[in-house]
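**Q** Residue numbers (numbering that gives the first Met the number 0), protein chains in the order written: chain A, 0 to 289; chain B, 0 to 399.
You may find that some hints are simply not true.
[To be verified] Label pairs and their in silico Cβ distance ranges:
hint, chain 1, residue 1, chain 2, residue 2, range
1, B, Leu212, A, Leu281, 54 to 60 Å
2, A, Leu30, B, Thr74, 47 to 53 Å
3, B, Asn61, A, Phe21, 15 to 21 Å
In case anyone wonders, no lab produced these hints; they're calculated from the structure. In this text, a Cβ means the ideal position worked out from N, Cα and C, and glycines have one as well.
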Amino acid sequence: MRSNRLTTLVLLLPWIITFVVFWLFPLLFSLITGFTDYSLISRNPAEWIGLENYKELLTDQDFIISIKNTFIFVFGTVPITTVIALIMAVLVNQRFKGRGIFRAGYFLPSITSMVVISLIFTNLYSRGGYIAGLASMLGFTPPEHGFLYDSSTALFSIMAMDIWMSVGYYMLIFLSGLKSIPSELYEAARIQGAGNIRQFFLITLPLLKPVALFILVINTIKSFQVFVEIFVMTQGKFETASMVYFIYETGVTTAFRFGYASAAAYILFAIIGIFSLTQFILMRRRHPLW
Amino acid sequence: MKYILTILFVLMAITSWAETTIELWQFWTDPAIKPTIQNIIDDFEKANPDIKVNLTDLTWANGHEKIVLAFSSGTGPDVVELGSDWIAQFGANGHLADISKYISEDSASFQGWGMANYKNKIYGFPWILGTRVIFGNKDLLKQTQFGEDYIPISFDDLKNSSYKIQKISDNIYGWGSNTAEKHRLYKKYLPFFWTYGAQIFSDDGKYCVLPSLPAVEAMTYYKFLHDSCGYVANQRGIEDAFLDGKIGYIISGDWLLKRIELENRDINFFTTLFPGRKFPGKSFMGGEFLSINDASDNKDEALKLIRFITSPENQIKFCKANRSANPSSINAQEDEYFKSNVHLQTFIKQINLSKNPPVIPDWVYIENIIERAVEDVLFNDALPGESLREARSKIDKLRK
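Same shape as in the complex, but just chain B (with noise of 0.2 Å):
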């Protein structure tokens, strides 16, 4: 009987030394999809039983000071899902693991490795993409002489439409404008700015170039559709005004979609991609990345995970499951959940058509900053070329 102990005890002690932990720390706590995770974590742990991972989930609103704390203190995750606008911040600060010379038999069939590379070297994995298009309501446009079929195609088709639809009625706004409201406001400005043709810095990245023609072009732009008929609200206000039929056209992403579909909003809408001098014009790019903590003992198994979760059939499964419109994987996109839905084809198009801000470790920073000069000339009435000098001279100091 000993004997038979002995041997079940050195087996398990045996089992449980060859198991390895994975800490993964994520950020989708919807129950709209926080099954779905779980279930792709199963299957993983399934086909691996060697591997066990701990799912731990963040939230945005205190997310990303977790992260930090963790990674200062020595007790960050494995693998982490990353925000694209911080991935420069972190690997810059030497908390990620490079993982450019894994990568080379990827690399072809995912989009997005632009926002995770800093100095040449890639520091997280994408998985799901994001960009905004220009949403437009169908029967506020039937009630102008544009009819309900018309999309804008250039600047002053937007502006001439959108001022048309304001006139219908005191309670009726032709374009949803975003309140001083962080991390958002000047994502609604940038697209207008890359399609004007500004740049923020020069092409070898050494100059700000904040405050060139183009970028004041855009800001004047922006500036009289929010002046001249902008329902003015936080991005979930606008979203809850343009569902209610009062509002145009606004600036979203996929996630209205799936609002729309979930709350079963009797809208009749349309999608399209940004208008431009030359159409279409271009938008905000972000993303969901998974990184690997440069501390952890477990890489190997960690890119193994990642490179399950961002498999383009567990992409698919996401995505349906949270209805989003972009994933990484350029397979996935041609899954038909995607092809037989003109909406998620107009974010599928948009996405080519997208740009992101530099990956830049002072970019939090540089966010701010822009934010405070599109602030100052939509709530202050600052002209745009002072607002935008000014914005440029912060940002100098600060990379001095």
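In isolation and in its complexed conformation, chain A is listed as follows (with noise of 0.2 Å):
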């Protein structure tokens, strides 16, 4: 019994030193530097200062907008990213010819390098670009220097670029969910005399809330950690500064300010936390109609 327990040790050792190496003692040392001065170009030592770090988050102008522009982000892409996809995983999942190739299609997006995409929409939406020029033809005005050089623009711009690249993604989780729906319900409710439209909200719906829960809760954290394509396209200029590009600009350039750049990384991971949490309170309520 001994043995068998330190073998079960022995194997697990690997995963548990990568475990307590790279993932605990940063999630460990990030929290105490938090309270400190802590700088990485400073040869003083660091110094305990409580909560100053977050008094002054409070009232850091950039830092607010950044929670903003992080909100919107995740306001505006989550929720339209996943009725997207889960539209797209129903269409895809009826026969027809060539389903495959749309199905490769809609998911290959979400497989290419974050960067060689974000390149690609930056030269999409400069000046002159092709986007600019569908705007033309469908007789709206594009802005005169490019999408990415105008606020007014440059966010929801990002944000259209974002739910392009992932709606793939969660289509194929929605896919996998819908292939393990019995089809014998249907059947029944083919017999009782639904139609279509009452089979999706009575049937397919309900069965794929687990489903519709993971994704919301995975998009929501991975957009509230939204920065590569914002360091790319605008490096958080034109009012796209994100939490994290926040964090990355104040922590590991510019400033080297490590104690500050912790403690708004713990805020981040508590608003994270609140909303992994309250989507799963609600999401476990029962619909009314379900």
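Join the two chains into one complex using the hints; note that each chain is given alone, in its own frame.
**A** Here it is as structure tokens:
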């Protein structure tokens, strides 16, 4: 028995070491540094300053703007991505010729590098780019210097790209959820005279609830952590700086205020935690229709 | 046999013991220049067989972070190339060696010491300097009343000729105007700011005097160029459009000369000094410095290496390979290579009329604040005076 435990421990050891060194230690270290004035560039030892970093963050206009931008991003992308992914999953779940090509095509952007996609879209969104051309054709006036060089369009342009990129991935998860719904339920519904729409709302949607919850939670977490596309496309300019971009700029570039950035990271951690928990609670409630 | 092997072993041990290894971190990774850097290092090692140099390349994308992490973890190199904006930040935090007492013999022969001087201590040896000048498209000027030989001398000249170029057609622009691009936009505003006579700090450095009348005038002028005839893009985009013959005037550095030459671009252009109320105006100056890690055990060897790299002959070698216009060595500037090229001469003249930002550790934050003020005026239609006043209050808060 003791030998078995020892073997288990030895086999788990590589994971435990990785977890402690690369996850647990940084997590606790940044929690502590959030209460200090630790700066990467300073030779002076870090001093304990209590809640000063948190107080300063609450009055830091750049941080407040980054929270606003992040919330716009999350509320603008998560619901739209989820709804489009669900519709697409239902559509590609039908039997028609070339269905595999559609599934693969929709999924393709989500396995492409975010940097590559961001660079392509930077070009598409530029002055005289294809999207400006398309907007003109449809009768809209595109921003004079390009979509990413205008505060009123930059963040929304990045959000649109993000939806386009991630919708295929969530479609695939919904698709796997659809496959797990027993076909007998639909047959029974059809016998009782339920049409496609009633079947969707009374069978598909309720049974997809766990999948939808999973998608909402991971998409929300991912969206709160938006960084790469902003770093590549606008460098946080034109009111696009997200919370993670703020943390990156404060902690690892320009200022190197590691303590301050750690405090900001823990605020983000708390926001994500609250949102995930709220989603779990809301989705567990029974819908009156279900 | 055993005896001979023992002697050989002892000799090898002594030889390796005697050799000093210097770690050098630098940013020149472009294939056009890297072999030259390596040749200079090889020559140094030949001339100093007791010193070995380990060369490490950095990139502009993450080099700054890498240097900070190395210094903070005590693994910094002996010699590091630093941009002029970073010297005060590293020097004030005790990472760089003060080389003031070693450079008395060099001081008169090199330009750029001011950018390495923080609180009367010198934290870096000037290597390659840089400034920006005005590039103009002669073919576009030819299509206006001004003609292809026109050179804008005053601010009005620049404004009027830009405006006329803009009128040539819908796809032609008078002025290349930078978008909100980090570390770039404020460098385009400051030449106008300084030429108008504005200052960031009072003469004693105690007070921020950013929102002065000349500063507002400079911002209003820059905004006019931006709004009335500006092609707005990032620096690369502006340069692309200029080389494609779409823009009348842009502000750029010697790297554009290199691009024109290496890409064989067919463009009829001129370079000129900054215009101003009194010609010539002031431009922005920066540079690359070689600094010694304060924690280095090999400071003498490090200084020897720096002197070798920055010697006039090696600077000329470097500038020829990289098409750089501004060696820090005054003797190097006298070389025929620079004298025979009219564009390089523009840069050499302009650098003597250029200013560098204040050498203070907080500059990295202040730069950001000024850049934000320019962005607000150009892209959010904020009033120049209000925007500069807001910037001053942020700077005051920072320096408290």
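**Q** All hints are to be evaluated individually against the structure, with a verdict given for each.
**A** Each hint tested on the structure:
1. Between Leu212 (chain B) and Leu281 (chain A) the CB atoms are about 58 Å apart, so this pair conforms to the stated range of 54 to 60 Å.
2. Checked against the hint of 47 to 53 Å, the pair Leu30 (chain A) and Thr74 (chain B) fails, with Cβ atoms roughly 26 Å apart.
3. For the pair Asn61 (chain B) and Phe21 (chain A), the supplied restraint of 15 to 21 Å holds, since their beta-carbon distance comes to about 20 Å.
Violated hints amount to a single one, hint 2; each of the other numbered hints is respected by the structure.
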